[in-house]
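S.K.: Listed below are the residues making up each chain.
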Amino acid sequence: MKKREVSGILAQASRDEVGQIAGSIKERCQIRIVKQPQKTLVMVKARESIQKSLFYLGEVLATECMVTVNGMKGISVMAGDDFEKVTDAAIIDGFLNGQENEKAQVLQEIKSLSEKQRARREKLNKELKKSKVNFNVMGE
Amino acid sequence: MAYVAVTGGKEAIEQSLKLLEIFRKSEEDLSVKCIRENMGLLIDKIMSEAGFYSEEYAALALKQCEGSVEEAVFLLRAYRSTLPRNYYSNAIDTADMRLIQRISAAFKDIPGGQILGPTYDYSHRLLDFSLAEESQVEESRGEESQVKESQAEETGEQKETSGTPGAEGLAEEVSGEDIRCQRVTDLLKAEHVLEDVPQDDTPPFDVTSNLITFPAPRSARLQTFARSDAGFLGGVAYSSMRGYGAVHPTVSELRCGYVEVCVPYVMDEGEEICIGEILVTEVEALVPSHTESEEEFDKMTLSGGYGLIFGRNENKAIAMSIADASLEKPGDTPSQDEEFVLTHGDCLEMSGFISHLKLPHYVTFQSKLDRVRTKEEV
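Those protein sequence lines, which keep their order, are chains C and B. First residue of the first sequence: 1, per my numbering; consecutive thereafter. First residue of the second sequence: 1001, per my numbering; consecutive thereafter.
Take the hints with a grain of salt, since some may be wrong.
[As the list claims (entries may be wrong)] Listed below are the simulated BS3-like cross-link pairs for lysine-lysine, each with C-alpha atoms no more than 27 Å apart in a straight line: (1) C:K45 - B:K1189; (2) B:K1189 - B:K1108; (3) C:K52 - B:K1189; (4) B:K1018 - B:K1033; (5) B:K1358 - B:K1063; (6) B:K1108 - C:K129; (7) B:K1189 - C:K123; (8) C:K3 - C:K103; (9) B:K1368 - C:K45; (10) B:K1108 - C:K52; (11) B:K1033 - C:K132; (12) C:K45 - C:K2; (13) C:K39 - B:K1063; (14) C:K129 - C:K2; (15) C:K35 - C:K3.
It is worth saying that the hints were derived from the structure and are not from the lab.
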C-alpha cells in the first residue's frame, strides 16, 4: 500500500477508528512527539483543463504532527483540526516506516477500514446513479 | 486624498459590541453542527469567497455573525492570516473526481452518462410549508430509520426496491461503485476541434501573497475568480451574455464532486500523502475561437473558459468560466476589461470599501461643503 492510499483511508476515517489502530501500537512501542500537533494551511494547486496551466484554488485548514515510533519518524498532515486523530495517524505512519514483520496486521486493519468506507459510499452512489438522465430531442 | 483620524467613542463601541451579542442570541440556539449540516450551500459559498476550506469554521463564523456572508468571509480571512502555510499541494486531479453531479449541455450522450445529482434546477420552487412543521421527533425518527437501513446493508439484508429507479427507469441493478468519468473535452481534443495544448508547468502566481499587476498571468486571474463574490462574477457573466461582451458559451461539462488533496511526503519526495477530500465544482465552457466572418471561418476551432471553485455552486463555476473566456477575447466591454473584473470582485475588499462610508468623514465633507458655499457666495 502506498503512503497516499494509507493516508487517504485514515483521513476519511473517524477519530475513534484511527485511535483504535494507533492504540495497539502505543501499547507495544515507544512513542515520542517530535513536533506537537498544530494547525497549518495547505495551499491547493490545481491544473485547469483548457490551457493545462497551474493555479492556486485556495487554502485548506489542516493539522500536522511528527512523532517517532521506536525511533522511526512518522508524519501526518490531515484536513481539519483534530489534534488527536493527526497524532494517531503520525504514530501509524511511524510504525509502518519500521517494524517490517509486524506491518501486515496494521495494513490489514487499514484495508478493512477502506472496505467499510466504500460500503458507506455505496448507498449514496446508488441514489446518485438513479438521477442519471437521458433527455430526448423532440423530432428525433 | 488626505485622511484625518478621529478618536473617542470607546464606551459606545463597547456597548455596540455587547448589543451584537444581545441581537445574536435567541430562544433556540443553533449548534455549529446544525448549521454545517443544514446550510451546506451557504457554507460552500463562504469557503469559496474566503478562499479557505473548513466547513466547521465556516459554520462557526456564520453563527458568530448572524448569518452575514461578508462578515463570515472577513472572519475566516482574518483567522487564516494567523496560520502558517507549511504545505503546497500537488496539483489536484479533477479528471479523477468522485462525482455527485455531471451535466453536459453540449452533448446528449456522453460516455459515463449525465447525472443530475442534487440540483434545484427541476424543482417547482413552491414553498414547502411542511418543513415548518418538521419537528425534532421526526428528525430523530429519520435518523433511526437511516441507521436501520445502513445496518441492514452492512449485514447484507436485501431491501425491497424503494421507489422507482431514476428518471430513465433504470431497470437493471444500480451498482454502488464510485462515479468517475473522463472529460467531455477529451473527446473533442481527440477530434481536433478543440486544441490539445501541451502541459504548462509555470509556477502559479499567488494573489494572497503578491500584488497583482496587469496584464495578469492566467493563474492570478483564475485564483481571483475562484475567490470572487458569486454575485459579482454572476453579474459579469450575465452582462457578457446579454450583449455587453462577446461570450455566450455552451457548457461542455459541469461536474461536482470530491477530489483528493495530496502533499509531498517530506521524508520521501517520491511519495505523497493524502490529507483528505474536498468538494469542488468544475466547469468547462466552449466558445468558437474566431468569428464566423468569411475571412476567419477557416481558422475557426473551439476554445474554452474554465471554472473551478470550492464547494457546490453551479452558477458561480459557470460564471467563472464565462469571465475567463471573456478575458481571452479582445474588446472594450466591462467583462473584457481585465483590471475592472479582477479588482472589483473580492467580497472582503468590496464590502470593506463600501462599509467605510459609514465611518466619520467630517473633515472631508466639511471641505466639500466649504467649496459649495464658496461657489454660492461667488
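S.K.: So, for every hint listed, does it hold in this structure?
M.R.: Quick rundown of the hints versus the structure:
At roughly 24 Å between alpha-carbon atoms, C:K45 and B:K1189 fall within 27 Å of each other, so this suggested pair holds. For the hint pairing B:K1189 with B:K1108, the CA-to-CA distance comes to about 18 Å; that is within 27 Å, so the pair holds. Distance restraint check for C:K52 and B:K1189: the Cα-Cα separation of roughly 13 Å lies within the 27 Å cut-off, and the hinted pair is therefore satisfied. Our distance criterion of 27 Å between C-alpha atoms is met by B:K1018 and B:K1033, whose separation comes to about 25 Å.
Proposed proximity of B:K1358 and B:K1063 is supported: the alpha carbons are some 24 Å apart, at most 27 Å. Distance hint between B:K1108 and C:K129 is fulfilled; the C-alpha atoms sit about 17 Å from each other, no more than 27 Å. Restraint check for B:K1189 and C:K123: the C-alpha separation of about 35 Å exceeds 27 Å, so the hint is violated. Taking the CA atoms of C:K3 and C:K103, the gap is about 13 Å. The hint holds against a cut of 27 Å.
With a C-alpha separation of about 49 Å, the suggested pair B:K1368 and C:K45 falls outside the 27 Å cut-off, and the hint is violated. Using a Cα cut-off of 27 Å, the hinted pair B:K1108 and C:K52 holds, with the two alpha carbons roughly 26 Å apart. Between B:K1033 and C:K132 the CA atoms are separated by roughly 31 Å; this puts the pair beyond 27 Å, and the hint is violated. Annotation: proposed proximity of C:K45 to C:K2 holds, straight-line Cα distance about 22 Å (limit 27 Å).
The hinted pair formed by C:K39 and B:K1063 meets the criterion: a straight-line CA distance of about 22 Å does not exceed 27 Å. Distance restraint check for C:K129 and C:K2: the Cα-Cα separation of roughly 30 Å exceeds the 27 Å cut-off, and the hinted pair is therefore not satisfied. Taking the CA atoms of C:K35 and C:K3, the gap is about 20 Å. The hint holds against a cut of 27 Å.
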